[in-house]
Amino acid sequence: MRILCLLLACLLSGCATPYRTVVQFDRLSACPRYTANGLNARQNDLGPASETHALECALSFLRGSQDKLLRRSALGSRLCLHLAERSTDAGKREALAWEGVRFAESALALGAESDGLVHYYLATNLALAVRDHLSLAMENLARLEGEMKRAVALKPDVDGGGPLRLLGMLYLKAPAWPAGIGDGDKALELLKRAVESHPGHPLNHLFYAQALWEMEESSAAERVKMEMSTGMKLLQEGHWGYNKAPWDKEFSAFQKEIGDSGP
Amino acid sequence: MTNTKTRLILALAGWLASFMTAGAAAPSPLVVCYPGGAVNEQDAKGAMDAMLRVVERVGQWPQNSFTSLFSAKAAECRQLLAENKPSFAITSLGLYLELHDQNNLVPLVQPRIDGRASERYRVVVQKGKFKTLDELKGKSLGGTVLEEPQFTGRIVFAGKVDPAGFFVLKPSKQAIRALRALDKGEIDAVILNEQQYSALASLALTNPLEALFTSEEIPLMGVVADSKTSTAEERARFAKALEGMCSDPEGKKLCDLFGIRAFAVADPAVFEPMLRQWNGRN
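Residue numbers (this note's numbering), protein chains in the order written: chain A, 1 to 263; chain B, 264 to 545.
Here chain A stands alone, though its shape is the one from the complex (with noise of 0.2 angstroms):
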């Protein structure tokens, strides 16, 4: 009992090897031959609308190169949490945002430290690692909330304002002054920024929506509804990949528990 607890204490402190795990992927032999220089030059080419397999196989590529270049991007951090966030098994979820994590450590350990990108990736692996995890993601919130910041300083712009999302919904969930880092009024100030400088992704009006439900109540139910119905209109009628279903869950979710008294 007393090893299963140090165990557990060890594990939740980040310090345990089950973060090292690394998740292997089936039919490799069928992924295209890769070199570095070709795998750098289509990297954008893999996002959300990509099948799984040719991820995976950018991946496993990934994993055993030694390219500089590569590895100084934010290519396998993103390819990571693709990854997990497909996945339906919490431990392989885990297991690849973790080794997203690393890759962005890795990548500023050659230099990245100016890439908005690897900053930004690093904490969107950070914060699927951990988020299951009371006293991990608690751990973790000064980390997220400085990769987070680098991210907006550097590139706010990037995934539709993913950094401006990303760090708002941290200020809005985390424990709140004196507490913790939680702030309302700087997650709506993120949350309508990303609204404003980027109208046509789905989730900033989600979040915003639920900024302004969780923060203002009854008081913001027309501006409610109006983000909702947006957000809505546009997951429905754009080509999101692999997100749509998650992300249509996450409206519906929404939707939900605001229920009768909302939009």
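A few of these clues could be false.
[What the hints assert, rightly or not] Incomplete in silico selection of chain A near chain B, CB under 10 angstroms:
hint : residue
1    : Y19
2    : V23
3    : E85
4    : A176
5    : P178
6    : A179
7    : G182
8    : D183
9    : G184
10   : E214
11   : E217
[Claimed, not checked] Which residues of chain B face chain A? A few of them, derived with a C-beta cut under 7 angstroms, are:
hint : residue
12   : K433
13   : Q437
14   : I439
15   : A444
16   : Q458
17   : Q459
None of these hints come from the bench; they were simulated from the model. By construction, the Cβ of each residue, glycine as well, lies at the ideal position given by its N, Cα and C atoms.
Keeping the supplied structure of chain A fixed, place chain B upon it in accordance with the hints.
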């Protein structure tokens, strides 16, 4: 309530549920009430579930043996307690006092934060703007504790001020929002609990603040039990388990995270003056 208390609640939820359901066939609900808190049920549920899973692993109980029910709305809390009749619950002091007779509630444990098991509430204003509490009559009052106006009136103001009639109430889900509004002159006063008041120096406010009113010492509320649906033995076991929580390796990690030094068995006598005050017998 403060956010430290939110986290305390979530920690307690996980810890308690493990003992509640030990040996039981079906999961027992633990009702967790956090009136006025800036936490939605979905997030709280996620956090509590995460806590419960840790406790299950540590205690070697099957996963999903335990469950919890959360609300940040006082009315919903009353409903949850009435419908589920839980043996144990985590409530605010206000709800405990209100439902004490109806739900046969007895205090089990109290947290100790910074060595204290009680706190004082304060009404703060911009320095020099008002001199007495009476001058705030008809003025706006913000804060997170206003979700429970009866508690504020009967306990914090000791029955001498009816907040709803005396002030124009501007409840806020986050103290920092109320304090910014005070700093900008958008509201006239803010009511703060001990933790919020102690942390004022960490805020970069333009105008200095001062306390115009300080309450008497008010006990911190922890875990309560329904004396009819729980046995004395179960209550003793709970209390003992919680007393040992902060010295357990994993429990200590949680206690540290929530800034709690220890949990102590509650002395019902501590709450007697509160009950008398609540019932207007002081």
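Going down the list of hints, with the structure as the test:
1. Y19: violated, 16 angstroms
2. V23: At about 21 angstroms, which exceeds the 10 angstroms cut-off, the nearest Cβ of chain B leaves the hint on V23/A violated.
3. E85: Since chain B brings no Cβ nearer than about 17 angstroms to E85/A, farther than 10 angstroms, the hint is violated.
4. A176: With a minimum Cβ separation of about 5 angstroms from chain B (threshold 10 angstroms), the hint on A176/A holds.
5. P178: It holds, given that the least Cβ distance between P178/A and chain B is near 3 angstroms, below 10 angstroms.
6. A179: holds, 4 angstroms
7. G182: holds, 7 angstroms
8. D183: holds, 6 angstroms
9. G184: Nearest chain B Cβ about 5 angstroms off; hint holds.
10. E214: holds, 6 angstroms
11. E217: Holds - the Cβ of E217/A comes within 10 angstroms of chain B, reaching about 8 angstroms at its closest.
12. K433: Not OK, violated: K433/B not within 7 angstroms of chain A, min 12 angstroms.
13. Q437: The hint holds - Q437/B has a Cβ within 7 angstroms of chain A, the shortest such distance being about 5 angstroms.
14. I439: holds, 4 angstroms
15. A444: At 10 angstroms from the nearest chain A Cβ, A444/B fails the 7 angstroms test, so the hint is violated.
16. Q458: The hint holds - Q458/B has a Cβ within 7 angstroms of chain A, the shortest such distance being about 6 angstroms.
17. Q459: holds, 6 angstroms
This entry does not satisfy hints 1, 2, 3, 12, 15, going by the numbered hints stated previously.
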